[in-house]
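> The listed protein sequences derive, respectively, from chains L and H. Just so it is clear: in the first sequence, position 53 is 53 by this note's numbering, and no numbers are missing. Just so it is clear: in the second sequence, position 99 is 99 by this note's numbering, and no numbers are missing.
These are computed hints drawn from the structure, not numbers from a lab. Some hints could be false.
[To be verified] Computed cross-link-like contacts, DSBU-like style, restricted to lysine-lysine with a CA-CA straight-line distance of at most 35 Å:
{"no.": "1", "chain 1": "H", "residue 1": "Lys150", "chain 2": "H", "residue 2": "Lys124"}
{"no.": "2", "chain 1": "L", "residue 1": "Lys210", "chain 2": "H", "residue 2": "Lys150"}
{"no.": "3", "chain 1": "L", "residue 1": "Lys210", "chain 2": "H", "residue 2": "Lys308"}
{"no.": "4", "chain 1": "L", "residue 1": "Lys81", "chain 2": "H", "residue 2": "Lys308"}
{"no.": "5", "chain 1": "H", "residue 1": "Lys150", "chain 2": "H", "residue 2": "Lys128"}
[What the hints assert, rightly or not] Reference listing, derived: stretches of chain L covered by chain H, where coverage requires no fewer than 3 residues with Cβ under 8 Å from a Cβ of chain H:
{"no.": "6", "region": "105–116"}
{"no.": "7", "region": "128–142"}
{"no.": "8", "region": "325–337"}
For clarity, every value in this text was computed on a predicted model and none was experimentally measured. For each residue, glycine too, the CB sits at the ideal point set by N, CA and C.
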Amino acid sequence: MPKFMSRNDLLLFAGFSLVVLAMPIWLAPFGAGYPDLLQRFMIFGIFAVGFNILFGLTGYLSFGHAAFFGVGSYAAVWSFKLLTLDAIPAMIFAVVISGLFALVIGFLCLRRSGIYFSILTLAFAQMSYNLAYSVLTPITNGETGLQLTLNDPRVLDAAVGQGFVGQPVPNLLGQQLSGYAGFYFCASFLILGFFIAQRIAGSPFGMMLKAIKSNQTRMQFTGFNTRPYALSAFVISGMYAGLAGALLAVTDPLAGAERMQWTASGEVVLMTILGGVGTLVGPVIGAWIIKYFENILSALNDNILARFWSFLPEGVADVLVKVTSKFVGDGWHLTLGLAFVIVVIFLPGGIMEGVRRVAALFRRSGSSGAKTAPQTQPAE
Amino acid sequence: MFEVIFLQFLNGLDKGAAYALIALGLTLVFGTLGVVNFAHGALFMLGAFCAVTVRMFLTMETVTVDPEKLSPWGSPLEIREPLVQAWFGDFGAVLVNYSVPLSIIITIPIMLVVGIALERGIIKHFYKRSHAEQILVTFGLAIVAQEVIKSVYGPNPIPQPMPTDLRGAADIGAFLGMQANIITYPIWRLVYFVFAAVVIGGVFAFLQFTTFGMVVRAGMADRETVGLLGINIDRRFTIMFGLAAVVAGMAGVMYTPLLPPNYHLGMDFLVLSFVVVVVGGMGSLPGAVAAGFLLGILQSSASMNQVKAVFPGIDQIIIYLVAVIILLVRPRGLFGRRGVMEA
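All chains, please: the whole structure from these sequences, using the hints.
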């Protein structure tokens, strides 16, 4: 009887769920234990996990995933406006719409591979972004962004005679989704998304995707039609992006076009690479690290830096404050860019490869003579 | 009607010239080194900020506060004296007036050094890696460049005035024997177009008529054989990268009066110029130039009201739409060689 999950997979999944669910506790000492940031951790974790299914497993570098993220947000907000303020229909609606959108775009983009694929996705994403800002204003509300208002129709809510007083906010079966409730709502989706990604990576379908990544031509010569597999991966990762976008709309019911811009697509690429492309946990960790440091570094200012360096003589401290202030606050993107370049140059496998190298080092020094740790990831 | 179309055609020329110059550099880099350089837009931006820096130095002034006199709003009068004018008199004033074109003299060596340092320092190590990794590292470099510029010059666009003699518009319609004042065109845009034509012609002449250029072309066709002939092709390719950086930088300098540069100028142009490159055909220099002008003109004709009335929003997406269609039906682009990057 084939086992449902291997012991290692089960351990990984259980460990991951535990880490995620306990986040409010263990992140509190790091100054990140508040729901707003934790929700973003979850949301961008989902985004990165989904992106990794396409980039990490299948080897297609998309520079347009933010389009699906944005479409998910818009779909969710429209569901809040037209149907009901309940989050579940919004999520379903968003995933379906972004999946369809991904199906169309993926069908066209996957006719090419390599750099042409990247540029095609980029072109489609920029088209969506430009259209969202200009002609599609009736749907997207242009620069203002799509918002909930009191006189939205909300057909289903009206049918059950639910009225609202004050600012309408999304809920779950009447339960408010603010604060930690919102976090656990997002966390359950991240765990679910992680589980699905894990199952995909271990399945025959996942093997097929990995084979496409390592040598697509050989796959075709052995008689496989690789297109449907790659398209499925594209649609699945588009749906993840849509789900993440919808969750962002649930926690903050406002959808703007700027989250579709190509720099937003670049951000998820950064997350995936930084964490470790092709690994399951890596992209999530990358997303967390980027969001964490975005939050911490961009909040720093000269006064805090001056206090930090105050143990040094005055002249040295002043210089250091000047220098470091360029890397924090508004300049934190500089730190991100530098970190990214360094990772791509020296550590192409991202943080996960770093962890693996350090672990291998310890193992070797711990028991000399034992054979070196087997590589879990085939060298690309 | 003809006048309107002709005017839009002219309007497309200067934007097309900028696209063509950036795409030319991108293609040079791709054709010689085989590297997909996402940092090329950043080089364009660096060039633009060379012009900003030159102007900053030229317009440095001494400020002396005269407590005796008061300015109209009551504060002590500040007397500003531009240093360059104080030192050189009228010649200094001319220098300040022509700061943008003059910046090119300084931009060329700077961009050459930047380009060669970039190639030797980082990009050299990525020849053997996949295109995806090349994209990633140059994308990272572009972010770094843009953030450095942002932290030095601030986030706001910095307008650069064009020389006073070149302001205003030329009446091209009257020049061509049509009715006066129908087709007028800003002189600086004409200057930009002529400048682009000269640079493009210079690059082509350099490749076509010099021994150096001949070797480079041979290397683009078959790098290994040229290497076996005992020619240090790597060094020449490095210089070509420097040259591409210079072209991008000069394009940026001359574009500053048309569009005040800010730190994300490079990213804005990068996406478009990549689209231009794939439309023209990866690795094809004439393709890059032709596609640059073609897309510039298409973009400006799509913004005509008559066109927008039929296809709303077409002006926003026309370039991407063309790129998508080209990539799907003719992946090697308009001028691409058969078999080069066709997958």
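> I'd like to know which numbered hints this structure contradicts. Please list them from smallest to largest.
Numbers 2 and 3, in rising order.
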